[in-house]
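Using the working numbering, the first residue of the sequence shown is number 2, and each one after it goes up by one.
What the hints contain is simulated information worked out from the structure, not anything from laboratory work.
Heads up, a few of these hints could be off.
With a straight-line cut-off of 27 Å between C-alpha atoms, the simulated BS3-like cross-links for lysine-lysine are [said to hold, decoys possible]:
{"#": "1", "residue 1": "K29", "residue 2": "K102"}
{"#": "2", "residue 1": "K185", "residue 2": "K339"}
{"#": "3", "residue 1": "K339", "residue 2": "K285"}
{"#": "4", "residue 1": "K339", "residue 2": "K306"}
{"#": "5", "residue 1": "K234", "residue 2": "K210"}
{"#": "6", "residue 1": "K210", "residue 2": "K241"}
{"#": "7", "residue 1": "K185", "residue 2": "K241"}
{"#": "8", "residue 1": "K406", "residue 2": "K185"}
{"#": "9", "residue 1": "K406", "residue 2": "K241"}
{"#": "10", "residue 1": "K285", "residue 2": "K241"}
{"#": "11", "residue 1": "K17", "residue 2": "K29"}
{"#": "12", "residue 1": "K406", "residue 2": "K285"}
{"#": "13", "residue 1": "K185", "residue 2": "K210"}
{"#": "14", "residue 1": "K306", "residue 2": "K102"}
{"#": "15", "residue 1": "K210", "residue 2": "K285"}
{"#": "16", "residue 1": "K246", "residue 2": "K234"}
{"#": "17", "residue 1": "K285", "residue 2": "K246"}
{"#": "18", "residue 1": "K17", "residue 2": "K102"}
{"#": "19", "residue 1": "K185", "residue 2": "K285"}
{"#": "20", "residue 1": "K406", "residue 2": "K339"}
{"#": "21", "residue 1": "K210", "residue 2": "K246"}
Label pairs and their in silico Cβ distance ranges [said to hold, decoys possible]:
{"#": "22", "residue 1": "K369", "residue 2": "Q48", "range": "37 to 43 Å"}
{"#": "23", "residue 1": "L144", "residue 2": "W14", "range": "37 to 43 Å"}
{"#": "24", "residue 1": "D191", "residue 2": "D345", "range": "27 to 33 Å"}
Note that the Cβ used here is the ideal one computed from N, Cα and C, for glycine as well.
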Amino acid sequence: MKTISATLPAMHWLDKICRSALFRTLEKLHTGCVQVQEGNEVQAFGQTDATSFTARIVIHDSEAYRNIALSGSVGAGESYMTGDWSSPDLPLLIRVLARNKDVVDNIDGGLANIGKLFLQGFHYLNRNTEKGSRRNIAAHYDLGNDMFELFLDPTMMYSSGIFPSASASMEEASLYKLDRICQKLRLHADDHLLEIGTGWGSMAIHAAKYYGCRVTTTTISEEQYAWAERRVKEEGLQDKITLLKQDYRLLEGQYDKLVSIEMIEAVGHQFLDTYTATISRLLKDDGIALLQAITIDDQRYEQAKTEVDFIKRYIFPGSFIPCVTAISQSFARASDMKMIHLEDITPHYARTLAAWRERFLHNQEKIKALGYDDTFIRLWDFYFAYCEGGFAERVIGDVQVIFAKPQNRREPLLGAME
2 MKTISATLPA
12 MHWLDKICRS
22 ALFRTLEKLH
32 TGCVQVQEGN
42 EVQAFGQTDA
52 TSFTARIVIH
62 DSEAYRNIAL
72 SGSVGAGESY
82 MTGDWSSPDL
92 PLLIRVLARN
102 KDVVDNIDGG
112 LANIGKLFLQ
122 GFHYLNRNTE
132 KGSRRNIAAH
142 YDLGNDMFEL
152 FLDPTMMYSS
162 GIFPSASASM
172 EEASLYKLDR
182 ICQKLRLHAD
192 DHLLEIGTGW
202 GSMAIHAAKY
212 YGCRVTTTTI
222 SEEQYAWAER
232 RVKEEGLQDK
242 ITLLKQDYRL
252 LEGQYDKLVS
262 IEMIEAVGHQ
272 FLDTYTATIS
282 RLLKDDGIAL
292 LQAITIDDQR
302 YEQAKTEVDF
312 IKRYIFPGSF
322 IPCVTAISQS
332 FARASDMKMI
342 HLEDITPHYA
352 RTLAAWRERF
362 LHNQEKIKAL
372 GYDDTFIRLW
382 DFYFAYCEGG
392 FAERVIGDVQ
402 VIFAKPQNRR
412 EPLLGAME
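Could you put the whole structure together from the sequences, leaning on the hints where they help?
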């Protein structure tokens with residue numbers, strides 16, 4: 002991290018122009034307050050009398066202004082990675098900016114439009130074909146199990162938990178989420194459950210261990226496969242769980258029930274119908290499928306599916322966030338299934354990300370010992386905070402949704418969550 006000095010070094014003329022442009026945008030903030038600190042000087046924008054919703058940006062290098070002007074929100078993330086700016090409460094800053102989205106969207110206009118074209122071309126090359134999916138999954142999930150273990154809870158669930166109480170731990174939230182899924186599916190010992198997206202094996206193990214059903218689960222991550230294989234053996238569940246290393250499009254067979262937890266984001270909008278058709282093909286005539294999915298507002302979906310934000314560029318190459326309508330329409334087009342239940346768990350994701358970020362930063366020296374540098378630490382810090390703020394402000398959401406085959410007559414629903 003670049004240190005704060007009493008005054009910033011002399012600004013490049015281009016940085017001055019970009020700074021003025023950014024300040025003109027910030028002057029239009031209508032909710033909350035953003036303070037910009039340069040050395041010992043602080044300028045406030047927005048509701049300057051606000052006290053409870055005031056965030057601060059600390060500028061360490063004026064190149065931050067240039068990067069934001071030329072690359073918009075992606076440039077802001079890049080400048081955070083390189084230490085050109087910081088914030089004492091990054092999730093709060095993201096929340097303030099999210100509440101002023103109509104103003105902040107201007108940052109991605111102007112010269113930043115030029116950078117958008119490059120990023121869209123880069124994203125196109127990361128399409129989730131069978132080969133592309135393996136490459137995209139490896140880019141994130143194969144970073145190393147040791148690194149993920151340092152911020153995930155002992156279940157190694159890398160998706161939103163559901164906190165049963167205000168005092169619940171992250172591990173308790175993960176276990177509660179897994180059990181809630183099993184109960185929604187009404188799992189029993191005679192079922193054969195298919196899981197698309199194994200992760201580190203927690204869902205498959207929970208279902209087989211506590212509900213006695215058979216589970217077939219598939220992943221295309223080498224690291225996750227190795228971890229899950231070891232865990233299945235340690236639990237003595239080899240007779241219950243079949244672990245595959247196979248693209249979902251190549252799966253065969255007929256299953257009673259199906260689960261896919263936050264895997265749809267790795268499908269890509271071009272292959273959404275392929276995904277939903279595959280789910281339908283793999284289920285028996287009375288089968289049901291539960292998906293947990295990160296979502297975006299219906300109104301923003303068409304624009305967002307081709308845009309490349311910081312997450313698509315640096316965290317999840319090839320990813321996309323669907324809206325609920327797009328998911329439902331895809332099932333209508335490509336399958337004979339219909340939606341029978343939906344539960345919004347968005348607030349739990351903000352809390353999940355806060356827990357991950359806290360543990361990640363607490364263990365950052367151990368993460369560095371694995372070979373990761375300060376830039377990587379700041380990259381993931383920004384990723385966690387960016388997403389936490391987004392979920393807290395419902396810019397993005399998270400849902401559990403159930404689709405049923407035509408002959409399904411079972412009642413898979415739970416009562417309302419407290």
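For each hint, the structure was consulted:
no.	hint	verdict
1	K29 <-> K102	holds (11 Å)
2	K185 <-> K339	holds (16 Å)
3	K339 <-> K285	holds (14 Å)
4	K339 <-> K306	holds (24 Å)
5	K234 <-> K210	holds (12 Å)
6	K210 <-> K241	holds (9 Å)
7	K185 <-> K241	holds (20 Å)
8	K406 <-> K185	holds (15 Å)
9	K406 <-> K241	holds (25 Å)
10	K285 <-> K241	holds (20 Å)
11	K17 <-> K29	holds (19 Å)
12	K406 <-> K285	holds (8 Å)
13	K185 <-> K210	holds (17 Å)
14	K306 <-> K102	holds (18 Å)
15	K210 <-> K285	holds (23 Å)
16	K246 <-> K234	holds (16 Å)
17	K285 <-> K246	holds (23 Å)
18	K17 <-> K102	holds (24 Å)
19	K185 <-> K285	holds (18 Å)
20	K406 <-> K339	holds (7 Å)
21	K210 <-> K246	holds (21 Å)
22	K369 <-> Q48: 37 to 43 Å	holds (39 Å)
23	L144 <-> W14: 37 to 43 Å	holds (40 Å)
24	D191 <-> D345: 27 to 33 Å	holds (31 Å)
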